[in-house]
Amino acid sequence: MGSPMKIRAAIKDGRTEVKVLIAHPMETGFRKDPEGKTIPGHYINEVVAKHNDKVVLSAVWGPAVSQNPFIQFQFVGGTPGDSVSVTWKDNQGDSRTDQVALS
Amino acid sequence: MTVSDMNNGGHSRREVLSRRQVLWSGARLMGGLLLLSLAPIRAWAQALEGMFKERTVDDVLKALGDKPTPSDQIVLTTPDIAENGSVVPITVKSSLPSTTDIYLIIEKNPNPFAAAFAIPDQTDAMISARVKVAQTSNVIAVVKADGKLFSATRETKVTLGGCGG
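Residue numbers (UniProt numbering), protein chains in the order written: chain Y, 1 to 103; chain H, 1 to 165.
Derived by calculation from the structure, the hints in this document are not laboratory data. Some hints could be false.
Using 27 Å as the maximum straight-line C-alpha spacing, the simulated DSS-like pairs for lysine-lysine come out as follows [what the hints assert, rightly or not]: (1) H:108 - H:93; (2) H:93 - H:53; (3) Y:12 - H:108; (4) H:148 - H:93; (5) H:157 - Y:32; (6) H:148 - H:67; (7) H:53 - H:67; (8) Y:37 - H:108; (9) Y:32 - H:53; (10) H:108 - Y:50; (11) Y:6 - H:93; (12) Y:32 - H:108; (13) H:148 - Y:54; (14) H:67 - H:93; (15) H:93 - Y:19; (16) H:148 - H:108; (17) H:53 - Y:37; (18) Y:54 - Y:12; (19) Y:6 - Y:54; (20) H:108 - H:62; (21) H:93 - H:157; (22) H:62 - H:148; (23) H:93 - Y:54; (24) Y:6 - Y:19.
All chains should be built: construct the whole structure from the sequences, respecting the hints.
Shown next, in the form of structure tokens:
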């Protein structure tokens, strides 16, 4: 299930600014361990962010996204009490959804 | 009451099983909800899958379709010098009308195609993320606006590689 994400969503001048920090190794599959064995790739490949039920950002990633990925974006609208949720899925089938309420 | 029932703290086997079934159906429901929230991008993700395996920028651009037109309507912000190539902050802002997609391409990475973002109407055409840059390289932001491709390029110098070791 992975570790909880940190999601900050703040209303500013009619927009909602969202910052997401995801805990994930984002292992490329190119690196080798001290014994010289290749460490298998382990990375998030799909991300969807929603404002209530509406998709406000979707992303498809490869292993070149940094470890513990951070993304920032903003969308029009958002009122206190609305939900902002983020869902990710990785190449090993793990996934996680977290959500925050706009304040 | 049999001995095995006693071992279950007094619950019958049937009750234990049904509780397990309840847990299972809960897990399946959560899985279902998750698939539902990722369903809209499944086809898009599958279409892009091959892009991540391309080894040169030319091949990536060929796979994307047209060769992008350089545009000053795209503001690509990257550090001139990245001391740590494994965490390089990138911001792409497009002022092109009807921007729907933003792609990040790192020319000298083993697989240059790094990330794709789809921007719905409600969302501003601006995204910040952090990527790995293996060595000093051009970073290319490709933007799809009104069905056409545009690009902006900036070089980032890397003093420490992004692929560990």
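Here's how the hints hold up against the structure:
| no. | hint | verdict |
| --- | --- | --- |
| 1 | H:108 - H:93 | 23 Å, holds |
| 2 | H:93 - H:53 | 26 Å, holds |
| 3 | Y:12 - H:108 | 38 Å, violated |
| 4 | H:148 - H:93 | 16 Å, holds |
| 5 | H:157 - Y:32 | 24 Å, holds |
| 6 | H:148 - H:67 | 9 Å, holds |
| 7 | H:53 - H:67 | 19 Å, holds |
| 8 | Y:37 - H:108 | 24 Å, holds |
| 9 | Y:32 - H:53 | 19 Å, holds |
| 10 | H:108 - Y:50 | 33 Å, violated |
| 11 | Y:6 - H:93 | 24 Å, holds |
| 12 | Y:32 - H:108 | 20 Å, holds |
| 13 | H:148 - Y:54 | 25 Å, holds |
| 14 | H:67 - H:93 | 20 Å, holds |
| 15 | H:93 - Y:19 | 16 Å, holds |
| 16 | H:148 - H:108 | 25 Å, holds |
| 17 | H:53 - Y:37 | 21 Å, holds |
| 18 | Y:54 - Y:12 | 19 Å, holds |
| 19 | Y:6 - Y:54 | 20 Å, holds |
| 20 | H:108 - H:62 | 17 Å, holds |
| 21 | H:93 - H:157 | 21 Å, holds |
| 22 | H:62 - H:148 | 14 Å, holds |
| 23 | H:93 - Y:54 | 22 Å, holds |
| 24 | Y:6 - Y:19 | 8 Å, holds |
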